[in-house]
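Turn these sequences into a full structure, and let the hints steer you where they fit.
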Amino acid sequence: MQRLHYILIAAFAAVVLIISNTYAAPKALIENPVFDAGQIPQGKKIEHDFIITNTGDEVLTYKIKGC
Amino acid sequence: MLAPGGPDINPGESQQITIQIATISRKGSFRKDIYLTTNDPDAATAKLSIQADVQEVIVIEPRYINFGMIKAGATHHKAIQVINKGNDPLTITHISANPEQIVQLVPQEEFILAPKEHREILLTLTPVESKKNIYGNLIISTDLEYLPQKSIRFRAQVIPESKETSQNTE
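As given, the protein sequences belong to chains A and B, one line each in that order.
Residue numbers in the first sequence follow this note's numbering, run continuously in steps of one, and reach 141 at the last position.
Residue numbers in the second sequence follow this note's numbering, run continuously in steps of one, and reach 171 at the last position.
Derived from the structure by calculation, the hints contain no laboratory data.
In this text, all values refer to a predicted model and were calculated from it rather than measured experimentally.
Do not take every clue at face value.
Unchecked claim - Residues of chain B placed beyond 12 Å of chain A at every Cβ, according to the derived structure:
id, residue
1, Asp9
2, Lys33
3, Pro63
4, Met70
5, Ala73
6, Lys79
7, Ala80
8, Pro90
9, Ile96
10, Asn99
11, Gln109
12, Glu111
13, Lys117
14, Ile122
15, Asn134
16, Ile140
Claimed, not checked - One-sided excerpt, in silico: chain A residues whose CB lies under 8 Å from chain B:
id, residue
17, Ile83
18, Ala99
19, Lys101
20, Pro107
21, Phe109
22, Gln113
23, Ile114
24, Pro115
25, Gly117
26, Ile126
27, Thr127
28, Asn128
29, Asp131
30, Glu132
31, Val133
32, Lys139
Just so it is clear, CB atoms sit at the ideal spot from N, CA and C, and this is done for glycine as well.
Okay, here's the thing in structure tokens:
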């Protein structure tokens, strides 16, 4: 009976582990993805820092396309 | 143009993505979109956008000079206007052209343009027969912090003296 109890606990732990691995994922959050620099004189360089946050529970990786 | 801090972000952490856009060849309203690909299953692509309204302070008209077909050995003139569209006085510190051997400019010395003021610059081209096509640049140097130089291109097709020109000199 005690052996069956251990088996059930182990099975439950395995299911929890599988489920948690299945649903663990990174999540990218960019709070202000549009920046309006307004009126600027020609020649002045526009520079802006965007902040990207990983609100998920796995490592987030990203690549910038086309630059 | 872009200076990403790094490709990996741990859970709960943030990273800065710096974007720089040069405006030297832009004017008016524009929008630049930058796309990121991520391993976020819900947002495989994310978009960052920068928009601005670029104000021309110094305007050169026309923006391109075409002398057309011109005779070798003769002198040909074109006038351009330099306009200060800004709200402050603008100093034109120097004007030059290349190839300088066949182009003369008047004036060449420094002058100041008040806001909304314009001034004419006369280009005189004296082509040599050996060159069929001439391509050059007119370079206008200013005291503007963000735009120390502005250039416009010019071209001409040189024909022998005996042929008729399709465009009169000005």
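Hint check:
{"no.": "1", "hint": "Asp9", "result": "violated (5 Å)"}
{"no.": "2", "hint": "Lys33", "result": "violated (9 Å)"}
{"no.": "3", "hint": "Pro63", "result": "holds (17 Å)"}
{"no.": "4", "hint": "Met70", "result": "holds (33 Å)"}
{"no.": "5", "hint": "Ala73", "result": "holds (38 Å)"}
{"no.": "6", "hint": "Lys79", "result": "holds (24 Å)"}
{"no.": "7", "hint": "Ala80", "result": "holds (23 Å)"}
{"no.": "8", "hint": "Pro90", "result": "holds (14 Å)"}
{"no.": "9", "hint": "Ile96", "result": "holds (18 Å)"}
{"no.": "10", "hint": "Asn99", "result": "holds (21 Å)"}
{"no.": "11", "hint": "Gln109", "result": "holds (23 Å)"}
{"no.": "12", "hint": "Glu111", "result": "holds (20 Å)"}
{"no.": "13", "hint": "Lys117", "result": "holds (16 Å)"}
{"no.": "14", "hint": "Ile122", "result": "holds (19 Å)"}
{"no.": "15", "hint": "Asn134", "result": "holds (30 Å)"}
{"no.": "16", "hint": "Ile140", "result": "holds (15 Å)"}
{"no.": "17", "hint": "Ile83", "result": "violated (28 Å)"}
{"no.": "18", "hint": "Ala99", "result": "holds (5 Å)"}
{"no.": "19", "hint": "Lys101", "result": "holds (5 Å)"}
{"no.": "20", "hint": "Pro107", "result": "holds (5 Å)"}
{"no.": "21", "hint": "Phe109", "result": "holds (5 Å)"}
{"no.": "22", "hint": "Gln113", "result": "holds (5 Å)"}
{"no.": "23", "hint": "Ile114", "result": "holds (5 Å)"}
{"no.": "24", "hint": "Pro115", "result": "holds (5 Å)"}
{"no.": "25", "hint": "Gly117", "result": "holds (3 Å)"}
{"no.": "26", "hint": "Ile126", "result": "holds (5 Å)"}
{"no.": "27", "hint": "Thr127", "result": "holds (4 Å)"}
{"no.": "28", "hint": "Asn128", "result": "holds (4 Å)"}
{"no.": "29", "hint": "Asp131", "result": "holds (5 Å)"}
{"no.": "30", "hint": "Glu132", "result": "holds (7 Å)"}
{"no.": "31", "hint": "Val133", "result": "holds (5 Å)"}
{"no.": "32", "hint": "Lys139", "result": "holds (4 Å)"}
Violation of the numbered hints given earlier is confined to hints 1, 2 and 17; the remaining hints are satisfied by the structure.
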